[in-house]
Amino acid sequence: MSQPLLLEMKNIHKKFPGVYALKGINFTLYPGEVHALLGENGAGKSTLIKILGGIYAKDQGEIFIEEKPVQITDVTQARAAGISIIHQELVLVPYLSVAENIFLGREPRQKNGLVDFSLICSETQRILNEFGLALRPEAKIAELTIAQQQMVEIVKAISTNAKIIVMDEPTSSIADKEVDSLFENIRRLTQKGIGIIYISHRMSELQQIADRVTVMRDGEYIGTCAVKDTDNEKLIAMMVGRTMTNYYTRTYNECTETVLRVDKLCSNKVHDVSFELKRGEILGFAGLIGAGRSETMKALFGIDKITSGTVELMGSKIEVKSTQQMIEAGISLVPEDRKNEGIFPTQSVQFNLTLKVLKEFIKGVLVDSPTEMNITETYMQELSIKAPNAATAIGSLSGGNQQKVVISSWLATHPKVLILDEPTRGIDVGAKSEIYIIMNELAKQGVSIIMVSSELPEILNMSDRIAVMCDGTITTILSHSEATQEKIMQYAVKM
Amino acid sequence: MTMHKAINSKNTLLKSMYSSGIGYLKRNAGILIGLIALCVIISINSPIFLTQKNLMNVLRQISNNLYLASGMTIILIAGGIDLSVGSNIAVIGVMAGTLLNMGVPIPLVILACLVTGVVIGTINGAIIANTTLPPFIVTFAMLSILRGFAYVYTGGTTVRIDNKAYIAIGTGYLGFIPLPVVYLIVVLLIVYLILNKSRLGRHIYAVGGNEKAAAFSGINIRRIRMFIYIFSGVMAALAGIVLSARSYSGNPVAGDGAEMDAIAAVVLGGTSMLGGYGYIGGTIIGALIIGILSNGLNLMGIDSFWQIILKGIVILVAVYVDYVKNRKKNKT
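Going down the list, the sequences are from chains S and X. One point on numbering: in our numbering, the residue at position 142 of the first sequence is 142, and numbering is uninterrupted. One point on numbering: in our numbering, the residue at position 293 of the second sequence is 788, and numbering is uninterrupted.
Next up, chain S with everything else stripped away, as it sits in the complex (with noise of 0.2 Å):
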């Protein structure tokens, strides 16, 4: 192609405390192109977006929009620009029409000061028209379904005269039939000369939309091809081709006793997943974001309904009905979201420690507070936990020591199964190779682990198993001497 550019972002980087999030991305887009971003969770993608976007500033790089340089520094400029982005979770405003939210903060008004709502509505008519679009302009936007309130927000951005289109991940959310009136508008839009920057995890997607792929790892910039040229094999191999970094100490057990075994299991959000966990064994769930691992667990541990399935623990049948009844049985579950589903900030290290024990120090009203402590100093030191004292609000600690007070708190329980969702999202290195430590620790002394991770050199370093997901069920199951991130990350993707 030897037309001009829409669209050149050069040599961009971006740090956060403590991570490097890009490292020099180039990124080109011409008009009418259909450009698509890949890589695993975490490499970047979003941060690229979201410079783009005016929504974080780049530390250094250039961008170019029809080969003139531009200073994006925040929304407006983005939008000034040309800029649209879609965002995965919709942003529309529920009980205004599909017209009012196209001229949401820019309503054209009449001559006595009030909002010229047949303007609107006209306006409104004819690019739906456009579009072929059998939507009413006065419909409320709450009661469209999600594929109509995306293709709402893609009429909103190219009435704003956007050029360049960002769409994050657009078919997670949708069903396959819309899918395919989703890629028919796309291809409308560049038609008109609009460039589509496209993110998503679906290959099978990339092969009929897009005309070219970029991917990235780890915040780099690994390579851009035409996607005729390219297949999915290639496209995965650039997305993990990284060189491990060694700071596991995984001693692998002989695991033979079956401690949990699952059977069929559905709820609302996953289908029909089975596996079993051996004494002492650490069995990685990988999978993109989305794939259903959390709520996998989540269901096993009575927060989310069970539809249909057993689970057998130690051999016997279990009903799950309730949370603490599955702590009673032995499970323990360090959640995902430490933020809003492990801690209770304002407490101390010592409440949150405590708290699932209580029943080993408190008998009514009777306190038996020098327990109390030997518990909490007890699990400080095993785990090392950094704090001034025991009375120190947890939400004042870094990530990691968090982390170490949340597997205490379940530690302290005596789990037979230890489920550990993201143990080491969001903490630094040196925390982390420390959970590893435990975690090897713990299934030595015959603990059984399941550790959702979307970090695949810790899941592929640190798990005897491997039980890969994909769109809410389980697609394979690997041994660890077979697992590889190619063959990981072929079953996580809908192919």
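Any given hint could be a false lead.
Said to hold, decoys possible - In the PhoX-like style, the derived pairs of lysine-lysine whose C-alpha atoms are separated by at most 20 Å in a straight line are:
id, chain 1, residue 1, chain 2, residue 2
1, S, Lys359, X, Lys692
2, S, Lys321, S, Lys339
3, S, Lys305, X, Lys692
4, X, Lys707, S, Lys269
5, S, Lys192, S, Lys156
6, S, Lys339, X, Lys707
7, S, Lys264, S, Lys192
8, S, Lys321, S, Lys278
9, S, Lys321, X, Lys548
10, S, Lys305, S, Lys269
11, X, Lys521, S, Lys363
Calculated directly from the structure, the hints in this document are not laboratory data.
We have chain S; now place chain X onto it with these hints.
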């Protein structure tokens, strides 16, 4: 060796008592200074203020607010609110009066009142625990419904109570201490034990501090919700019994706005409206400030309508000072 251990444990007990005492002073330094300043100003202006008779009178007056505020402290810590307690008082008073006039024996009357408190709390709790309706709305509706019942039943008139034994419940003394203050001491002790010494108390702080994390910790949130509203209902019933005994009557207007005084005491005492944080010790000081303020202004002969305005200003200033203090603490 064992003796050494015994001495050691005694030391740690003393130490923990000492440190919790220091903690109490530190936590409540702001409003304690305010309370003392208030007392100094009033005692300078009125010689009657510091007499034993007046002080006991103040305590009796604030006891009713503190029954409600005790329940409210627990509820706010758990992240809820109960606006129905004021109307609850009216229903209980009217009911007690009616039953007494029908000749029902006193123990049965008291039992019936307490059971009614439990029923009202259960209805509040059941709706809040099983639906996603906000507690503010549910108990606000209950406020209206209960008040309405009290009016409908009495036709707007007051039910007179002349049963001497019943009246003594609210007007009697134990030594020189008014009986309502004796009940209050028991109530405060119970609330202290619940919040500071029981598993239930920790669960209440947990639910108010982070509901999701509480669910992940295996805490039965619905049961906690049921408990706190039932407890609050019982506290309101107690307040209703004592008030009707003290005023010789079951009045459908009784307790109008009492929920706001209770909330004011709790919030003045440093409990967070957002849940997860608060202490009964703070609530006691909060209730003392409100009670002494109104007593002092009366003694100084200030018009009662002006008192209402002053009370509002005091609450605003006190909570603002607390807010600024906390913001500073969070910054460092």
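Hint check:
1. S:Lys359 x X:Lys692: 12 Å, holds
2. S:Lys321 x S:Lys339: At roughly 25 Å apart (the allowed maximum being 20 Å), Lys339 of chain S and Lys321 of chain S break the hint.
3. S:Lys305 x X:Lys692: 34 Å, violated
4. X:Lys707 x S:Lys269: OK: Lys707 of chain X and Lys269 of chain S at ~19 Å, within 20 Å.
5. S:Lys192 x S:Lys156: 16 Å, holds
6. S:Lys339 x X:Lys707: Roughly 10 Å between the alpha carbons, so the hint for Lys339 of chain S and Lys707 of chain X holds.
7. S:Lys264 x S:Lys192: Given pair Lys264 of chain S, Lys192 of chain S is violated - Cα atoms ~48 Å apart, limit 20 Å.
8. S:Lys321 x S:Lys278: Roughly 23 Å separates the two Cα atoms, so the pair is violated.
9. S:Lys321 x X:Lys548: 58 Å, violated
10. S:Lys305 x S:Lys269: 10 Å, holds
11. X:Lys521 x S:Lys363: Violated. Lys521 of chain X to Lys363 of chain S sits at ~29 Å, over the 20 Å cutoff.
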